[in-house]
Amino acid sequence: VLQRSYHLDAPEQDTITLGTTLPKGYVSQAAGENTELKNQIINKIPEQISVTQEQSLLFAALASASVGCYVTIEQISGGATITYYHDRPELDQSQMVRRVTGNGVFISATGKDGPWYGVDKNANALFETLTARTVIADKVKAGQIKSVDNSLTIDLGGSSLNMNLDDGSKVVIGKDGFYNMFGESKNEYFHLIHAERVVLGPDDFKDGTATHLYTLPEEFSGKNVSVFGVINEFTAVAGRAISKISTDYVYDSGTRKVRAWISANTVDSSFNPIDPVPPAITTATFIALA
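Read the sequence shown against the numbering used here and you will find it ends at 291, with the numbers running on by one and no gaps.
Calculated directly from the structure, the hints in this document are not laboratory data.
It is possible that some hints are incorrect.
[What the hints assert, rightly or not] The following label-pair restraints were derived from C-beta to C-beta distances:
#, residue 1, residue 2, range
1, Thr154, Lys187, 15 to 21 Å
2, Met164, Leu131, 18 to 24 Å
3, Met164, Glu219, 44 to 50 Å
4, Thr154, Pro116, 36 to 42 Å
5, Glu219, Val120, 42 to 48 Å
6, Asp253, Ala196, 18 to 24 Å
7, Ser160, Ser186, 18 to 24 Å
8, Phe60, Leu157, 41 to 47 Å
9, Leu157, Thr84, 18 to 24 Å
10, Val120, Leu157, 41 to 47 Å
[To be verified] As a list, the in silico DSS-like pairs of lysine-lysine whose alpha-carbon atoms are at most 25 Å apart:
#, residue 1, residue 2
11, Lys147, Lys122
12, Lys122, Lys142
13, Lys171, Lys224
14, Lys140, Lys122
15, Lys245, Lys224
Built from N, CA and C at the ideal position, the CB exists for glycine as well.
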């Protein structure tokens, strides 16, 4: 039986008390009935408590239940023993088996042949489920991480970080940046930016075009790169007017070189297309994104 005490004047003193009597029949049979016991206990646990508190109450119930086990001791050479703790009188017929050896303590929910979980003699542990209030580690290796309420799932496999949200969308972060997926719709975002400013005079233009060659930083290696040009300043020579202006580029991913060019010309005040003249000053910025 669970009891919860409330202190209206001191909420921090609220307590949850677990009774010590549980039906033996639930834990004296096979593993499936142990699961039934677990589910009954969980259903009695008050809402709005943490996962750790929930598991703590469950463990308290299992520990306080008046349920014993059977012991089989196997003698091995040299006088050492292997001890089995099991849930049925005959070891061969048992489902829940604990095996204590010189190599560690091992647990099986499917009989004496395993598969086994537990802790070995070198302090390495293998568990089906690990619940902890705090985990402190120098390194964590995982394939998937989920939030307690299952609203966020983070997949760590492959070359990208995938976060699945409860609204059905997905956020992907990889070497080429990150993007959001909403069904078949994909919104991409860039995470690298490089700006190259160019100042050109009339002598830099040939047949109306000026070319500028530069190399992107190493962090752009192997990335999908886009470049666009912005004209910051365009000044025509005296008596001339703007005829055209445009920018374009070619990118070599192997060398990280960008060949950018500006096409610009001016005409006389009558807009006579004959004998176009380059602008006096052209200032442009080429922005690379990846």
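How the hints compare with the structure:
For the pair threonine 154 and lysine 187, the beta carbons lie near 19 Å from each other, so the given range of 15 to 21 Å is met. Hint check: methionine 164 to leucine 131, Cβ distance near 22 Å, so the stated range 18 to 24 Å holds. Taking 44 to 50 Å as the suggested C-beta distance range, the pair methionine 164 and glutamate 219 does not conform, at roughly 28 Å. At about 26 Å, the beta-carbon gap between threonine 154 and proline 116 misses the expected band of 36 to 42 Å.
One distance hint, 42 to 48 Å for the beta-carbon pair glutamate 219 and valine 120, holds here, with the actual separation near 46 Å. Checked against the given bound of 18 to 24 Å, the beta carbons of aspartate 253 and alanine 196, roughly 19 Å apart, stay inside it. About 23 Å separates the C-beta atoms of serine 160 and serine 186, a value consistent with the hinted range of 18 to 24 Å. In this structure the supplied range 41 to 47 Å is violated for phenylalanine 60 paired with leucine 157, their Cβ-Cβ distance being about 29 Å.
A C-beta distance of roughly 39 Å is found between leucine 157 and threonine 84, which places it outside the suggested range of 18 to 24 Å. Look at valine 120 against leucine 157: about 25 Å separates their beta carbons, and that is not inside 41 to 47 Å. Between lysine 147 and lysine 122 the CA atoms are separated by roughly 31 Å; this puts the pair beyond 25 Å, and the hint is violated. Proximity of lysine 122 to lysine 142 is assessed by CA-CA distance (about 22 Å); at most 25 Å being required, the pair is judged to hold.
The hinted pair formed by lysine 171 and lysine 224 meets the criterion: a straight-line CA distance of about 21 Å does not exceed 25 Å. Note on lysine 140 and lysine 122: the hinted pairing holds, with a Cα-Cα distance of about 21 Å set against a maximum of 25 Å. With a CA separation close to 33 Å, the supplied pair lysine 245 and lysine 224 exceeds the 25 Å bound.
Hints 3, 4, 8, 9, 10, 11 and 15, counting from the list given before, are not met by this structure.
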